[in-house]
Structures are given as structure tokens and as C-alpha cells.
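Trainee: Kindly generate the complete structure, drawing on both the sequences and the hints.
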Amino acid sequence: MEEEKLNYILQAFRKAPSAKNLQPWKLIIVKDKKKISDLSIACNNQTFLSEAPILIVACAKEDEAYGVMGGYMNSYPVDIALALEHLILAATEKGLGTCWIGAFKEKLVKDLLDVPDNVRVVAITPVGYPATEGRTRGRKPISKIVCYDKYID
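With UniProt numbering as the guide, the letters of the sequence shown map in order to residues 1 to 153.
None of these hints come from the bench; they were simulated from the model.
Any given hint could turn out to be false.
Capping the alpha-carbon separation at 25 Å, the derived lysine-lysine pairs in BS3-like fashion look like this [said to hold, decoys possible]:
id, residue 1, residue 2
1, LYS110, LYS61
2, LYS34, LYS110
3, LYS105, LYS34
4, LYS105, LYS61
5, LYS140, LYS35
6, LYS107, LYS33
7, LYS144, LYS107
8, LYS107, LYS94
9, LYS35, LYS105
10, LYS33, LYS140
11, LYS150, LYS94
12, LYS94, LYS31
13, LYS140, LYS31
14, LYS150, LYS110
15, LYS33, LYS15
16, LYS31, LYS5
17, LYS15, LYS105
18, LYS26, LYS105
19, LYS105, LYS31
20, LYS107, LYS34
FRET-style restraints, in silico, Cβ to Cβ [unchecked claim]:
id, residue 1, residue 2, range
21, GLY95, LYS35, 43 to 49 Å
22, LYS105, THR132, 26 to 32 Å
23, ILE152, SER37, 31 to 37 Å
24, ARG137, GLY67, 34 to 40 Å
25, LYS31, GLY138, 33 to 39 Å
26, GLU3, LYS61, 22 to 28 Å
27, GLU3, ILE145, 18 to 24 Å
28, TRP100, MET1, 16 to 22 Å
Heads up, the beta-carbon is just placed ideally off N, CA and C, and yes, glycines get one too.
Mentor: This is how it looks when you write it as C-alpha cells:
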């Protein structure tokens, strides 16, 4: 994958909003084939990951995130989700394929990448040119997911 495209998608991640603009994130760009293979095993044996030229591991510095977003939760899961979605959209724009990976053994991932105890691994995505065209999954119609002025089931 071209460095220009990688830099483009990393800039998209960097520009994402976060609670109080705290930007409590760190990305690990994994290019080493052995590490990619080991990470595919840590991701519950999702072996297709080992075919990717790059894995991006999105981490959160929990102590740097806003502690009480909405009055009840730390902001880092939402902060990382917003930023990684920016990256994924930018990758798609450049003709690259991605896949949000949330199923992994965090301890194994942390051990493989020397991630400190005070940092959480939130998500992983492979990035590269897709070998085949992705399948389109059905989406709920707008009328099923949008309400006006009050909640309606």
C-alpha cells in the first residue's frame, strides 16, 4: 500500500472529534508479517487478517479521556469509534478495504505489541486492496431507525 494513502487515512483519523478535544488515542501501524500473523490468531483466529499488508490497532489512553461522558461512561470507546470511522471512510474513498475487528483477546494483543497496562486496545482494522468485492448487507429502512420529536418503537 502506498505511503501517501496511508498518510491520508491517518490524517483523517487525526482530525476526528473527541470529547473535549482530548484525543485520547494512539494508533499502532503493524507491517511486520509475523506480527500480523500472530495478531490474526489473537483476533480469535480470523486468519483473513494475515493476508492484509497492514493492521491498524486503535488504542485508548483511558486516563486521558473524558471520564464521565453522558454522566455515566468514559469517552474513549466513542472517541476511538469516531476516529476509526473517519479512517475507514477515508480508506474507502482511496479504494482500500477495511474491516472493523472488535473480537480479539486484548491481553494477547497487548503482549504482542508492548502496549502498557494503562492503555486499552479498542479495535483493529486491516487495511489494503480488497482481493474481491465486498458483499453488501441489507440495511434497515430510514423509517425503522428515525423518529421525530419523540421516541416511537
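Trainee: If a hint holds in the structure, say so; if it doesn't, say that too.
Mentor: Here's how the hints hold up against the structure:
A C-alpha spacing of about 13 Å is found between LYS110 and LYS61, which places the hinted pair at or below 25 Å, so the restraint holds. A C-alpha spacing of about 15 Å is found between LYS34 and LYS110, which places the hinted pair at or below 25 Å, so the restraint holds. Taken as a hint, the LYS105 and LYS34 pair is honoured in the structure, with Cα atoms around 17 Å apart against an allowance of 25 Å. Taken as a hint, the LYS105 and LYS61 pair is honoured in the structure, with Cα atoms around 18 Å apart against an allowance of 25 Å.
Distance hint between LYS140 and LYS35 is unfulfilled; the C-alpha atoms sit about 38 Å from each other, more than 25 Å. Proximity of LYS107 to LYS33 is assessed by CA-CA distance (about 20 Å); at most 25 Å being required, the pair is judged to hold. Taken as a hint, the LYS144 and LYS107 pair is broken in the structure, with Cα atoms around 38 Å apart against an allowance of 25 Å. For the given pair, LYS107 sits about 33 Å from LYS94 by alpha-carbon distance, which is inconsistent with the 25 Å threshold.
With a CA separation close to 15 Å, the supplied pair LYS35 and LYS105 stays within the 25 Å bound. Of the supplied pair hints, the one linking LYS33 and LYS140 is violated, its CA atoms being roughly 38 Å apart against a limit of 25 Å. For the given pair, LYS150 sits about 39 Å from LYS94 by alpha-carbon distance, which is inconsistent with the 25 Å threshold. Only pairs whose Cα atoms come within 25 Å are accepted, and LYS94 paired with LYS31 is accepted, the gap being roughly 19 Å.
Between LYS140 and LYS31, the direct Cα distance comes to roughly 37 Å. Violation of the 25 Å bound is thereby established for this hinted pair. A C-alpha spacing of about 43 Å is found between LYS150 and LYS110, which places the hinted pair above 25 Å, so the restraint is violated. Of the supplied pair hints, the one linking LYS33 and LYS15 is violated, its CA atoms being roughly 29 Å apart against a limit of 25 Å. Only pairs whose Cα atoms come within 25 Å are accepted, and LYS31 paired with LYS5 is accepted, the gap being roughly 15 Å.
At roughly 28 Å between alpha-carbon atoms, LYS15 and LYS105 are farther apart than 25 Å, so this suggested pair is violated. The suggested pairing of LYS26 with LYS105 holds, with an alpha-carbon distance near 18 Å, which does not exceed 25 Å. Note on LYS105 and LYS31: the hinted pairing holds, with a Cα-Cα distance of about 20 Å set against a maximum of 25 Å. Distance restraint check for LYS107 and LYS34: the Cα-Cα separation of roughly 18 Å lies within the 25 Å cut-off, and the hinted pair is therefore satisfied.
Range check, GLY95 to LYS35: Cβ separation about 25 Å, and the 43 to 49 Å hint is violated. Between LYS105 and THR132 the beta carbons are some 28 Å apart, a value that agrees with the proposed interval 26 to 32 Å. Separation of ILE152 from SER37 is about 49 Å and departs from the stated range, judged on CB atoms against 31 to 37 Å. At about 35 Å, the CB distance of ARG137 to GLY67 agrees with the hint of 34 to 40 Å.
For the pair LYS31 and GLY138, the beta carbons lie near 35 Å from each other, so the given range of 33 to 39 Å is met. One distance hint, 22 to 28 Å for the beta-carbon pair GLU3 and LYS61, holds here, with the actual separation near 26 Å. Taken as a hint, the range 18 to 24 Å is violated for the pair GLU3 and ILE145, whose Cβ atoms sit roughly 39 Å apart. With their beta carbons about 18 Å apart, TRP100 and MET1 fall inside the hinted range of 16 to 22 Å.
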